[in-house]
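Peer 1: Chain residues, written in single-letter form:
2 protein chains.
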Amino acid sequence: MQDEVIENLIEQFRTLPGVGYKSAQRFAYSVIEGKAERAEKFANAIIEAKNKIGFCKICGNFTDKEICPICENRNRKIVCVVKDPKDILAMEKVKNYDGVYHVLFGTISPLEHRGPDQIKIKELLQRISNDNVEEVIVATNPDVEGEATAMYISKILSPLGVKVTRLAQGIAMGSDLEYADEITLSKALEDRKQI
Amino acid sequence: MQDEVIENLIEQFRTLPGVGYKSAQRFAYSVIEGKAERAEKFANAIIEAKNKIGFCKICGNFTDKEICPICENRNRKIVCVVKDPKDILAMEKVKNYDGVYHVLFGTISPLEHRGPDQIKIKELLQRISNDNVEEVIVATNPDVEGEATAMYISKILSPLGVKVTRLAQGIAMGSDLEYADEITLSKALEDRKQI
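So the protein lines, in turn, are chains E and U.
Quick note: the first sequence uses my numbering, first residue 410, plus one each step.
Quick note: the second sequence uses my numbering, first residue 410, plus one each step.
Keep in mind that the hints were calculated from the coordinates and are not lab data.
Note that this is a predicted model, so its numbers are computed, not measured.
Be careful, since some hints might not be right.
A pair holds if it fits inside one copy or across any two, identical chains being indistinguishable in the list.
Stated by the list, open to error - Simulated pairs of lysine-lysine, DSS-like, Cα-Cα distance not exceeding 25 Å: (1) Lys-492 to Lys-531; (2) Lys-431 to Lys-602; (3) Lys-474 to Lys-461; (4) Lys-474 to Lys-444; (5) Lys-431 to Lys-504; (6) Lys-474 to Lys-602.
Please construct the entire structure, taking both the sequences and the accompanying hints into account.
Peer 2: Pasting the structure below:
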C-alpha cells in the first residue's frame with residue numbers, strides 16, 4: 410500500500426542501470442526524507458546535464474563544451490578508438506595515457522547489417538589527416554563485432570602509414586588461472602611473451 | 410578530465426544511500442545517454458515527491474494525502490510502533506499483517522538526552538483512547554535505545570489495559586547457527602519455545 414507519487418519516484422529510480430525495486434525504494438525514501446533544497450539540486454542536475462551535454466566535435470565524447478577537455482589538452486597524435494562514450498570512462502582509469510579518443514558510436518556487425526558507414530569511420534579518417542595521427546589504438550571489446558571492427562580499421566589505416574594497435578588480450582591481472590575460460594587461455598598462450 | 414556539469418550530476422547521485430563513485434557515474438551516463446523526456450520525468454518525479462509527500466496525520470507515515478492508505482483501510486485496533494517511516498516498508502513485507510502503524514520519529518536515548526517528550530509518545534497515547542486500541546506491537550530495533558523505548562511504552566500502556574507486545578528476538582530464519590553472535594544465541598536460548 411503505497412502512494413502513487415512515491416511509487417512513481419521509485420519507478421524512475423528503477424530505470425537506472427542495475428537498480429532493483431529495493432534499492433529504488435531506498436533511493437526514493439532518501440529523497441523524501443532529505444531537504445527540499447537537495448531534491449531541487451538533484452532535479453536540476455538531471456535537467457542541466459541533459460540540456461547542456463552534447464558530443465565533442467572532435468572525438469564524440471560527452472561534453473558541455475564544443476571541444477572536450479581531453480581533446481583540448483592532450484596529445485592528438487595518439488588516438489584510442491572506442492565503441493561508446495562510456496568506454497572512455499573505463500580507459501581513463503589508466504592514469505598515464507596521454508592520448509585522445511575517438512568514439513565510433515557502434516561496431517561493424519554483418520549480422521545486424523551495420524557496416525562501416527553506420528559508424529564514425531569517415532570521421533576517424535578525417536582526423537588521421539588533420540592531426541597527423543601516428544598511432545591508432547583500437548579498444549573495441551574483445552568479441553566478434555569488436556574484432557571485426559578492429560580488423561577493418563587496421564585494413565584501411567595501415568596503407569596510410571599509421572601504426573594500428575589493439576589492446577592486449579589474455580588473462581586478467583590478479584585473476585585465477587583456474588577460472589579463466591578456454592578462449593581467453595588459448596589467446597593468452599598464442600600471444601605469450603618472452604620474459 | 411570530466412566536465413563540471415557531468416561531475417555535478419555524479420555528485421548528486423552519490424548522495425543516495427550506498428552509491429559510490431562508480432555507480433554514480435553509471436547512473437549519470439545512463440541519464441545523459443537517455444532521452445530528454447526520460448530526464449524530465451525523472452526530475453519531475455523528484456520535485457513532485459518532495460513537494461507533495463508529507464506525513465500521515467494519524468500514523469506519521471509518508472503520504473501525499475491527509476491520511477495514508479494504510480490508516481484509511483486497515484484495522485486500527487492493532488498498532489505497530491516503529492522508529493522511522495522506512496521501518497514501515499520493512500514491516501509491510503509481512504503480507505498478512507492487517508493492523509496499522511505509529512511512527513515515533515526517534516527512540517528514547519538517555520545518552521543523547523532524548524526523552525519520551527522528544528518522540529511521538531503523546532500522539533500514541535491519544536490514538537490508544539481515540540481508536541480503542543487493543544494491542545500495541547513494539548517494533549523498535551533490538552538495540553539499547555530500541556529496548557529502552559519498548560520498556561517505556563510497555564510501562565505506560567499496560568496500566569491502560571492495552572496488550573503490549575514486542576517482536577520476537579532469536580536466530581534469523583534460514584541463517585546458520587555457526588554464524589549467530591553470542592547475544593542473539595543467548596536471547597534465543599532464554600526465549601526458547603516448547604515444540
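Peer 1: Are there hints from earlier that the structure breaks, and if so, what are their numbers?
Peer 2: 2, 6
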